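Enquirer: Sequence:
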Amino acid sequence: MLKKIHPSDLILRCFALRRDGYWVAMCIDLDLVVQADSARDVKRLLHEQIVSYVGEAYGEDERFAVQLLGRRAPLRYFAMYYVIKWFNRARRYFSYETAMPLPFAHA
-19 MLKKIHPSDL ILRCFALRRD GYWVAMCIDL DLVVQADSAR DVKRLLHEQI VSYVGEAYGE
41 DERFAVQLLG RRAPLRYFAM YYVIKWFNRA RRYFSYETAM PLPFAHA
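Position one of the sequence shown corresponds to residue -19 (our numbering), numbered consecutively onward.
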């Protein structure tokens, strides 16, 4: 029997980072990881893996769905996610660049 789904269960927390010339993306709520050559590809591959994993959990492995969908990444990856999220938010809201106003030369 499957548990009742809460709206917050429908949001999966993911992050991606560049490492040694390649990209790694992780879904910390399902403990899934992919690797690719570009940010775009790694995001696409992780999405495909999530779709496949959830499909299998509710398909052939339905009797184990609660365990499979409740599988979380180790705590250090949750910490990484929240640090990255904080930096993104800080950069988005507190940091920007602007041109230096230069006075015109007087004639």
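Since the hints were made in silico from the structure, they are not lab data. Owing to the predicted nature of the structure, the values given are computational and were not obtained by experimental measurement. Among the clues, some could well be false.
Unchecked claim - Each computed DSSO-like pair below joins lysine-lysine, with the alpha-carbon atoms no more than 30 Å apart:
(1) Lys(-16) to Lys65
(2) Lys65 to Lys23
(3) Lys(-16) to Lys23
Enquirer: In ascending order, which of the hints set out earlier in this document are inconsistent with the structure?
Expert: As far as the earlier hints go, not one is violated by this structure.
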